[in-house]
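**Student:** For the sequence shown, our numbering gives the first residue as 3, with consecutive numbering after it.
Read the hints as simulated data drawn from the structure, not as lab findings. What you are looking at is a predicted structure, and each value in this text was computed from that prediction instead of being measured. You may find that some hints are simply not true.
[What the hints assert, rightly or not] Distance condition first, Cα-Cα at most 20 Å in a straight line; then the derived DMTMM-like pairs of lysine to aspartate or glutamate:
1) Lys107 <-> Asp85
2) Lys127 <-> Glu38
3) Lys141 <-> Asp204
4) Lys167 <-> Glu188
5) Lys191 <-> Glu133
6) Lys297 <-> Glu333
7) Lys114 <-> Asp103
8) Lys147 <-> Glu38
9) Lys127 <-> Glu112
10) Lys299 <-> Glu250
11) Lys42 <-> Glu133
12) Lys115 <-> Asp83
13) Lys191 <-> Glu176
14) Lys78 <-> Glu138
15) Lys97 <-> Glu112
16) Lys147 <-> Glu133
17) Lys68 <-> Glu119
18) Lys142 <-> Glu38
[What the hints assert, rightly or not] Distance windows between CB atoms, simulated:
19) Lys343 <-> Ser289: 11 to 21 Å
20) Thr102 <-> Asn270: 44 to 54 Å
21) Glu76 <-> Gln45: 24 to 34 Å
22) Gln335 <-> Lys68: 19 to 29 Å
The beta-carbon is built from N, C-alpha and C at its ideal position, and this holds for glycine as well.
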Amino acid sequence: MSDKLKLLTFIKLATWCLQTGAQTYIFRNNYYKHLEGKNKNGQLFNLELKSSNYQITGYLQNISEKQILLLDGEAKNQNIDVDIVSNGQNVGKAKIVYETDSTIKLSWFENKKLLHEISFIENYKTSMAFENLSIENSKKLLSTKNSPHANIAVSILYPSNNKDKIIASKITKEINGIIFDDKSSENIKLSLHKFTNNYFNDYIQSNKEILGNGGSVEFEFMNWERSINTEILYNKNNILQYAVSDYEFSGGAHGNYSTLYYIYNLKNGNRVFISDLFLAGYEKYLSRLIHAKLKDKSLYSDEVPISENFLLLPNGILFSYPPYSIAPYSEGQIEALILYKDIITLIKSPLISLMIQQ
Numbered sequence: 003m004s005d006k007l008k009l010l011t012f013i014k015l016a017t018w019c020l021q022t023g024a025q026t027y028i029f030r031n032n033y034y035k036h037l038e039g040k041n042k043n044g045q046l047f048n049l050e051l052k053s054s055n056y057q058i059t060g061y062l063q064n065i066s067e068k069q070i071l072l073l074d075g076e077a078k079n080q081n082i083d084v085d086i087v088s089n090g091q092n093v094g095k096a097k098i099v100y101e102t103d104s105t106i107k108l109s110w111f112e113n114k115k116l117l118h119e120i121s122f123i124e125n126y127k128t129s130m131a132f133e134n135l136s137i138e139n140s141k142k143l144l145s146t147k148n149s150p151h152a153n154i155a156v157s158i159l160y161p162s163n164n165k166d167k168i169i170a171s172k173i174t175k176e177i178n179g180i181i182f183d184d185k186s187s188e189n190i191k192l193s194l195h196k197f198t199n200n201y202f203n204d205y206i207q208s209n210k211e212i213l214g215n216g217g218s219v220e221f222e223f224m225n226w227e228r229s230i231n232t233e234i235l236y237n238k239n240n241i242l243q244y245a246v247s248d249y250e251f252s253g254g255a256h257g258n259y260s261t262l263y264y265i266y267n268l269k270n271g272n273r274v275f276i277s278d279l280f281l282a283g284y285e286k287y288l289s290r291l292i293h294a295k296l297k298d299k300s301l302y303s304d305e306v307p308i309s310e311n312f313l314l315l316p317n318g319i320l321f322s323y324p325p326y327s328i329a330p331y332s333e334g335q336i337e338a339l340i341l342y343k344d345i346i347t348l349i350k351s352p353l354i355s356l357m358i359q360q
């Protein structure tokens with residue numbers, strides 16, 4: 003690069019920094035941040051914020067009101083506009099402004115009226131830092147213009163830049179095992195590369211066999227789609243709650259989907275199971291509570307298993323059952339919220355105590 007070109011590049015970058023305040027903020031399209039903050043009244047908030055190819059998702063927890071809200075929007079620069087969603091309903095809007103690479107200001111509006119102005123800062127004292135690896139790719143079946151094709155989109159959050167390398171390594175291998183069925187490796191990037199290549203190879207081979215056997219080109223059924231998305235729902239007090247959503251269509255009447263939840267104790271890197279939370283003999287009572295919550299569903303059986311697919315929420319435990327697991331596909335992913343107050347005498351784990359205090 004010539005000295006003149008270097009100078010012009012420096013001037014352009016310096017001008018951009020002065021205009022945007024970016025001397026302390028680097029605009030990136032893929033990242034994850036755990037942030038903690040408070041508003042002017044001293045109310046405390048947690049924020050799990052993720053960007054995947056400029057699509058913003060987040061989980062905003064109002065600690066004092068025991069409320070968790072979904073953020074959904076798009077980033078075009080360091081200023082981000084998002085919708086605030088509760089129980090599938092839009093309940094407001096927020097403007098997120100990066101002040102530095104590790105501090106933001108979130109302005110929360112309801113009916114165009116400012117409800118909260120919250121200052122956040124990244125904090126990993128009792129949480130884990132993650133990177134976001136995202137890819138989107140497509141491959142045609144044939145060389146023709148309107149050929150059927152396969153699409154794949156993957157967004158994976160994995161531990162990065164943590165002080166405790168042993169626990170970070172343990173959870174990285176867990177994630178690699180969950181998504182790519184290989185708990186022996188920490189190399190998420192290599193696993194994703196292999197997974198993508200295998201997916202496209204399977205697509206080509208499966209559909210070329212159909213064509214080779216005299217089948218016709220049915221565009222609708224020969225268009226494959228695979229989407230894997232990960233989210234961090236909670237990352238504080240040495241508790242990590244990690245979600246994996248998976249959708250796959252490879253022909254047939256409809257695609258298959260599921261959302262699976264994984265909870266880890268960040269003090270030792272171990273996954274938390276239901277049996278870790280309760281005193282002995284909890285099974286029958288808890289199963290009856292879950293069944294009572296699902297009495298209006300078209301269940302396969304009157305006996306509902308206690309799912310290991312669960313989340314710890316501020317007010318209770320959410321048990322989740324993917325399609326086909328306990329009911330027909332038409333019922334979708336079934337969920338049952340069991341309040342802590344109904345099971346408090348069975349609880350033994352301090353993890354739940356931490357969630358209740360939140």
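**Student:** Now, for every hint given, state plainly whether the structure supports it.
**Tutor:** The hints, checked one at a time:
A distance of roughly 16 Å separates the Cα atoms of lysine 107 and aspartate 85; the hinted pair therefore holds under the 20 Å criterion. Simply put, lysine 127 and glutamate 38 have alpha-carbon atoms about 11 Å apart, close enough for the 20 Å limit, and the pair holds. Pair hint lysine 141 plus aspartate 204 holds up; C-alpha atoms about 11 Å apart against a cutoff of 20 Å. Our distance criterion of 20 Å between C-alpha atoms is met by lysine 167 and glutamate 188, whose separation comes to about 12 Å.
This hinted pair checks out: lysine 191 and glutamate 133 have alpha carbons roughly 11 Å apart, not beyond 20 Å. For the proposed pair lysine 297 and glutamate 333, the alpha carbon gap of about 13 Å is at most 20 Å, so the pair holds. With a C-alpha separation of about 28 Å, the suggested pair lysine 114 and aspartate 103 falls outside the 20 Å cut-off, and the hint is violated. Annotation: proposed proximity of lysine 147 to glutamate 38 is violated, straight-line Cα distance about 50 Å (limit 20 Å).
At most 20 Å may separate the alpha-carbon atoms for a hinted pair to count; lysine 127 and glutamate 112 exceed this at roughly 32 Å. At roughly 25 Å between alpha-carbon atoms, lysine 299 and glutamate 250 are farther apart than 20 Å, so this suggested pair is violated. Simply put, lysine 42 and glutamate 133 have alpha-carbon atoms about 31 Å apart, too far for the 20 Å limit, and the pair is violated. Restraint check for lysine 115 and aspartate 83: the C-alpha separation of about 15 Å stays at or below 20 Å, so the hint holds.
The hinted pair formed by lysine 191 and glutamate 176 meets the criterion: a straight-line CA distance of about 15 Å does not exceed 20 Å. With a C-alpha separation of about 19 Å, the suggested pair lysine 78 and glutamate 138 falls inside the 20 Å cut-off, and the hint holds. A threshold of 20 Å between alpha carbons decides the hint, and for lysine 97 with glutamate 112 the separation of about 12 Å falls inside it, so the pair holds. Among the hinted pairs, lysine 147 with glutamate 133 is inconsistent with the structure: their alpha-carbon atoms are about 37 Å apart, more than 20 Å.
Under the criterion of a C-alpha separation no larger than 20 Å, the hint pairing lysine 68 with glutamate 119 is consistent with the structure, at around 18 Å. Between lysine 142 and glutamate 38 the alpha-carbon distance is near 45 Å, which puts this suggested pair outside the 20 Å criterion. Our hint of 11 to 21 Å for lysine 343 and serine 289 holds, since their Cβ atoms are close to 18 Å apart. Judged by the Cβ atoms, the range 44 to 54 Å given for threonine 102 and asparagine 270 is violated: they are separated by roughly 33 Å.
The hinted window of 24 to 34 Å between glutamate 76 and glutamine 45 holds, with their beta carbons roughly 27 Å apart. Checked against the hint of 19 to 29 Å, the pair glutamine 335 and lysine 68 passes, with Cβ atoms roughly 24 Å apart.
The structure shown violates the earlier hints numbered 7, 8, 9, 10, 11, 16, 18 and 20.
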